[in-house]
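Participant: Letter by letter, the chains look like this.
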Amino acid sequence: MLKLEQVSTRIGGYRAVNSVCLEVRQGEFVSLIGGNGAGKTTLMRTIAGALKPFQGSIQFMGAAIEKLPPDRIVRAGLCLCPEGRRLFPQLSVYKNLILGAYTRRNDRLGVQRTLSQVYEIFPVLKVRKEQPAGTFSGGEQQMLAIARALMSEPKLLMLDEPSMGLAPLMVEKVSEIITLINVEMGTTILLAEQNAHMALNITQRGYVIENGKVVLEGSSAELSDNEQVRKAYIGA
Amino acid sequence: MELFFQQTINGIMLGSTYVLVALGVTMIYGIMRLPSFAHGHFYMLGAYITFFLITLYNFSYWPALILSMVVLFFIGGLVERIVFRPLREQSQISNFIAAIGILLFIEHMVTVIWGPHSHRIPNPYPEHIYLFGASVSQQRLIVILAAVVLIALLQLFIKKTVIGFTMEATAQDREGAALVGINVNRVSSLTFSIACALAAAAASLVAPIFVIVPGMGSLLVMKAMVIFILGGLGSIPGAIIGGYILGLIEALGGGYISSEYKDVFAFGALILILAIKPTGIFGKGAA
Amino acid sequence: MHEYLRKKWFYFLLLLLALVFPLFGPSRLIFTMLILSGIWSIATLGLNLILGYTGQASLAHGAFFGIGAYAVGIMTTRLGLSFWIALPLASFLCAAIGFLIGLPTLRTKGAYFAISTLAFGIIVFIIAGNWSDLTGGHMGLPAIPRPNPIPLPLAGEISFTSPAARYYLVLFFLLLTLWVMHRVVFSLQGYSFMAIRNNENLAEAVGINTFRNKLLSFMVANFFAGLAGGLYAMQLGALSPFITHHVLTFNLIIYLILGGVATLAGPIIGAITVPFIVDALFAIGPYRMVIFGVLLIVSIIYFPRGLMGGLTSLWNRTADYYRHRKDGVRHAAES
Amino acid sequence: PPAEQEEEEEVAPAGEVVIGYSGPLSGPAAEYGQDGLNGIIMAVEDINAAGGIVINGQVYNLRVAYYDDMADPTVTMTNVDRLLDRDGAIAIFNMVYTCTLPMLEINREAGREFLIMAYTSVPLVEYQHANELAVWLPPPFLGYVETKARKAMEQGWRRCAIVVDSGAYGQAWSRTFAQYWQAMGGTITYDGKGSYYADTDFSTQITAAMATNPEFMLIGGPSKGTMLVAEQARELGFEGGFVFLDQAKIDWVAAALGENAMEILDNTIAVVAVEHSIYPTIPEFTQRYNERFVEQGKATIVTWEAAIQYTSTYILAKAMEAAGSVDDIFAIRAAINGVLPVYGTEFPYEFHGITDAGRLHAVGSIAMIQDGAYQPPITIYWWPQNQAEFDELSAWAKETYGEVIPVWVQYPPPR
Amino acid sequence: MLLKVEALSKHFGGLKAVDGVDFHVNQGEIVAIIGPNGSGKSTLFNLISGTLRPTTGKVLFQGDEITAHKPYRVAALGIKRTFQTTTLFDQLRVVDNLAIGRRVNTKTGFWDALFRTARWRRERDETVGKVLELSGIIGLGDKFFDFVTTLSQEAQKRLAIGIALASEPGLLLLDEPTAGINMEETAEIIELIRKVREAGTTICLIEHKMRMVMGLADRIIVLNYGRKIAEGTPQEISGNQVVIEAYLGGKSIA
Ligand SMILES: Nc1ncnc2c1ncn2[C@@H]1O[C@H](COP(=O)(O)OP(=O)(O)OP(=O)(O)O)[C@@H](O)[C@H]1O
Ligand SMILES: Nc1ncnc2c1ncn2[C@@H]1O[C@H](COP(=O)(O)OP(=O)(O)OP(=O)(O)O)[C@@H](O)[C@H]1O
Ligand SMILES: [Mg+2]
Ligand SMILES: [Mg+2]
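Chains as they are written, first to last, in our numbering: chain F, 1165 to 1400; chain P, 2 to 288; chain G, 121 to 455; chain C, 316 to 730; chain L, 87 to 340.
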């Protein structure tokens, strides 16, 4: 479904992503594990079109997307729930969600259906749907960000550190939800996480990225057992 | 009382143009965080285009006005594309310099091509009528009404249409907007275009009662800046109310206290209001 | 280039050049333009402190320049004070007015501050034009005397009727300004200013009284605007309200940004280069301001950090190139 | 072909004399500045076409060097240096009082002498800023003030509201007018100025002025603002008269007002339009001016600025011939006296002489619009020192131009 | 008692972000504040540090009332904080950041700078010395002259703590100092926090990483919906049923 070949991206003069090859197949749930500054965010922004790679090709559903602007990529069914959330702080929760479905604006019924699904998953969003998103706490905003990404009904959903800054209870809940999205809704998911423990628990396959390069890949079970991974990312 | 009423109408009429220009400045700032000091010059260009459509191509007034809006719509989009888009990542002050560059370019281009002297559009509605003892020319009433209509249309557009939604979203988080699938560059261009078209409308509306000269937008843009700050950065209702307030302050201050210092009242009011409320009347956050 | 600029001898060379320049017998036009550029430099250095280092875009700088000029003009013509007393008085007056205006306006931030200072500037312009009894109104303030000659122990006296004397006078004040800016910027006090520019919330959280520091920066900036204005009054000998107009502020900002903001050399580079470019554009006749507008746009797009920034990055790039080449040679040798 | 070139070289002039000009060619005062420049350009072209300046059998051609100063004194100052250093100008025309001021400081330095051709009608400046190398071209506005005030009195008007331009000229003019008017027994009911350059809506002041029931309004400044004030006053229901400052051009205003002009301008006292002047040369001059400038988009109408600068340039050329030098500034300045008078029978303007302080004896004239038509112009002579001199002048004028209404205004005004 | 908070509330419109919270921090302690997202932890810090004005209630520091003082005055008294999102002077170098952090201890003003007074010299030398030492403590000794944009996320977090530490504060408020960094690096930050405490600085921190909190804190305060729902030692809290239900959840301690 998604296929990266030799993708490299520069930030400033620095090669934050370096010849990355990666593949995600239809229906899969794949994790991207790496420490700070490993290049996960950069890679995801590159896939989503917010950054342009200077080398390599990115294919989504058979079509090259590395030169497309972000909006075209979303339209193709690939949506990124970004690090730092990037909500519309002065707009109400409701408007944020509706804008999440911007690419589906001609499908009103579908949008309403997704909206009620999203409200079911995150009841707090329904209760406070008129509140400006910017006044939410960090965790609440994270939930809204995931919800907004879901609104576009993506074929492939990329989540950049959804557990960041979340309370333990919430982390659990979020991972359940993500799994649910993958299993029930059949959405393919690419998840970037530092919390390898959580990520490897719920995904099927994973890539470990360090210094912008993929250093390991394999099934989640394999990775969990890998000594290196345990030491660096699970910490026990 | 009659005097007061007359001055109030004068103020509302002044305010109407202010609002139309200030709305453009506000929208541009809201979406692109750039202080559009060249906006008064787009206004001027709008008036010239209407003038030439009428005198050279024998258009009648309303078609000329609309065509002028259309032309400015495209010019605005073009300027955004070739000047401000490359400056996207730069600071506000760089954008300010670019705006000065545009302003010099437009003003002197117009001066060189069409001469420094003033032009006049024949007034389509020269009659005046008496309202409660105050004398108002028909064209002035039209300016007031047209401003109200344009403002209402703009509000509807922003609050009720999806494209309007995207403008608000882009104003608040550009990358976020891009990631939900909004073409933010198009939104920027569109905003600039609409803002310039509004300026053209304002200029074409007042052109028959005033005159058209290359410098006609210079002071106006300063007032638009004051209004957009007064109302709170990027706040559209703020700009509307701020515009009318400024018009009234000028008319009443100029009429009752001192006409030489009427602009002092307008600009002084800004400093006073900000001293009390540092984020403007409708402002929420800091700049 | 950048590396040279860092070394002191380069500055001494420049200074020497500036000192001996009149000996080459430059034309009067060059003299006049250099004197004016020196005056603009002083004002721009002031603006650089508040806008460049403290991050507060004051759009009243031209107005303070005008206040300084009028203060010197009024004190020397109406009160009969000597220029040498009027000039510091005018500068301090500007600092004091800066204090009063800063009190309300500096409570605001960003664009709010910019536009409220712009509003103040426009008010000054209107007052300069209409308060005829004080300023001469739109008729202007004529016949401002030249500074009294300075007696020299042996060699007679320096009189300021010659452009060379005025050139040295302005150069002296420019060096003084540069000295003050250098000392302030590269000090703990300078850190406070830069902290505010970088992140006002954090600055406040680490214990910097941001309001007081902004006020201080604003006053110092306006002091130098006033000083430059006073020198301008001396150079022109007559004033009109035009010098308080916001166009002047805009010009100073152009000098600052095109020269290189938040550098000490930038303002001077800008204040010399831009007027000379405008002068050169006279050759193309009526289109000159059209071209100037285009030049502004193009240069801000391609040199967003001004000439200083452009030179620095050019230097960095060449340095990188040579470093890479050296590395390459070393690698080759090692393998 | 080479043969032709040789021919040209034979008649090539011995040298070139540069007349400098620094004035507003862009910005709000650009039209005014351009008018003045047009006059100089046209004169220079005419003089060159007629064979240039001939001194001791040598022919010199004139050239205009001009720079835009946007009415900014700083730029004027560098322009002066530009004109002297780059172009070698011997005289510099300037049309904005605040820009002329700094020039007065420079032109007397040894080696930097040049003639200042100052276009300002502010009275007494030639005494306040005495400068032996300055020539003040237009008539002092005191003549207009007094004559217009008298004319207004004649209409039976007593109550005056002032709504003039807040610029330099408007301030000086209206203050002087108020003094004369009150001395004649009139009252000023309202005084509120506005910026004729920057503003377009004067309803506020007019409304306030009308609330004081004036019989006429003193208005004026740049023509465009004057036109707007007149129009807006009528719109707001004002039915009294207007007195224009001499800066505003009645024919320009009338043209801009279009069809209703004569209705709106009924009972207006203003400087006479160039085309209604008594000088017989005017029709020909106007026609040539229109061809040369108006049709090229360089002007909208022929103005007194153009006519005065045109004639002044001629005087300068004649003075050079009389002085026998193109670079001895003092000699040229001294020779001006000798080449005067020049009359409206030959030029589009007339100068009868020059005062000791350097102001040309320039004629002013005003006219009134009444009942939809221009009344015959009144001609103002301000330099005669006594009744006898004035009578002599009147007789000459009647003889030369036929129907004229001369008046005498004392200048400098009696204390 | 170093810090004492009495009945502190902050309402945003109808929302009670902080609702009558009482707590105190003793000299030398590490106190952790935990609670679900949106429970008012950051708001509480904002109230203490003067960034927000409380609706009601009092804040006392060393017995003196500091309620609604301006942030710079609170900082001058010795309470320093970090922000939830890493906040630095991002156009400057590490050394400048730390020196600015120390600015509150120095008195060099405009005239000192101009005339290079004895104070200017003394304070400059002192600042350089302290800052050098500090950069070693926070593990940025080799990055001393680097611009902060070139630092990794985790180094930036340490620098943010360094800026707060530079003035040798009596009380340090840390808002999620390890959000978004991995285990190894978290351990380093924990080490740093321990070192700081040993050097005599009292610490109050907000954190979601339970393993870390449990190992580090002397006392834990739990907020939920703006109210304090529990307070106690780590053992007490991890066994507290109310806290488990509201916050910790069943299985994992991540
Ligand atoms: N704006 C920038 N300028 C310079 N370097 C940057 C910038 N943004 C990121 N980098 C660098 O690029 C590298 C990759 O960063 P990226 O944000 O992709 O990492 P990450 O794996 O997502 O880390 P984190 O877990 O902190 O989110 C890092 O070394 C970072 O320092
Ligand atoms: N300026 C504000 N205006 C309105 N509501 C606000 C404002 N700041 C915070 N809130 C609200 O106050 C509540 C507490 O927010 P706070 O940021 O203190 O939570 P937190 O405990 O730090 O959460 P997290 O762990 O997610 O960072 C939240 O519901 C938030 O939406
Ligand atoms: Mg990341
Ligand atoms: Mg928080």
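A hint or two may mislead.
Stated by the list, open to error - As a list, the in silico DSSO-like pairs of lysine-lysine whose alpha-carbon atoms are at most 30 Å apart:
hint, chain 1, residue 1, chain 2, residue 2
1, L, K90, L, K144
2, P, K161, F, K1167
3, F, K1319, P, K278
4, F, K1290, F, K1337
5, F, K1290, P, K161
6, P, K278, F, K1290
7, L, K102, F, K1259
8, F, K1290, F, K1259
9, G, K128, L, K144
10, G, K128, F, K1259
11, P, K278, F, K1167
12, G, K128, L, K90
13, L, K193, L, K216
14, G, K229, P, K160
15, C, K466, C, K713
16, L, K102, P, K278
17, F, K1290, L, K144
These are computed hints drawn from the structure, not numbers from a lab.
Participant: Checking one constraint from the list: CA of K278(P) to CA of K1290(F), max 30 Å. Satisfied?
Facilitator: Cα-Cα ~34 Å, so violated.
Participant: For the pair supplied as a hint, K1290(F) and K144(L), confirm whether the alpha-carbon distance does not exceed 30 Å.
Facilitator: 35 Å, violated
Participant: Just to be careful, I want the Cα atoms of K466(C) and K713(C) compared with a cutoff of 30 Å; is the pair within it?
Facilitator: Distance of about 21 Å is within 30 Å: holds.
Participant: Is K161(P) close enough to K1167(F), meaning Cα to Cα at most 30 Å?
Facilitator: Measuring from Cα to Cα gives roughly 39 Å; hence the hint is violated.
Participant: For the pair supplied as a hint, K1319(F) and K278(P), is the alpha-carbon distance within the 30 Å limit?
Facilitator: Status violated; Cα separation ~48 Å.
Participant: Quickly compare the C-alpha distance for K102(L) and K1259(F) to 30 Å and report which way the hint goes.
Facilitator: 24 Å, holds
Participant: Hinted pair, alpha-carbon criterion (30 Å max): K278(P), K1167(F). Please report holds or violated.
Facilitator: Judged against 30 Å, a Cα distance of about 54 Å means the pair is violated.
Participant: Within a Cα-Cα threshold of 30 Å, do K128(G) and K90(L) meet the stated pairing?
Facilitator: 54 Å, violated
Participant: Holds or violated: are the alpha carbons of K229(G) and K160(P) at most 30 Å from each other?
Facilitator: Holds, at roughly 28 Å.
Participant: Is K90(L) within 30 Å of K144(L), Cα to Cα?
Facilitator: Between K90(L) and K144(L) the Cα gap is close to 8 Å, so the pair holds against 30 Å.
Participant: Can you confirm whether the C-alpha distance between K193(L) and K216(L) stays at or below 30 Å?
Facilitator: 16 Å, holds
Participant: With a cut-off of 30 Å on the C-alpha distance, tell me whether K1290(F) and K1337(F) pass.
Facilitator: With Cα atoms ~17 Å apart, K1290(F) and K1337(F) stay inside 30 Å; holds.
When each numbered hint is compared with the structure, violations occur for hints 2, 3, 6, 9, 10, 11, 12 and 17.
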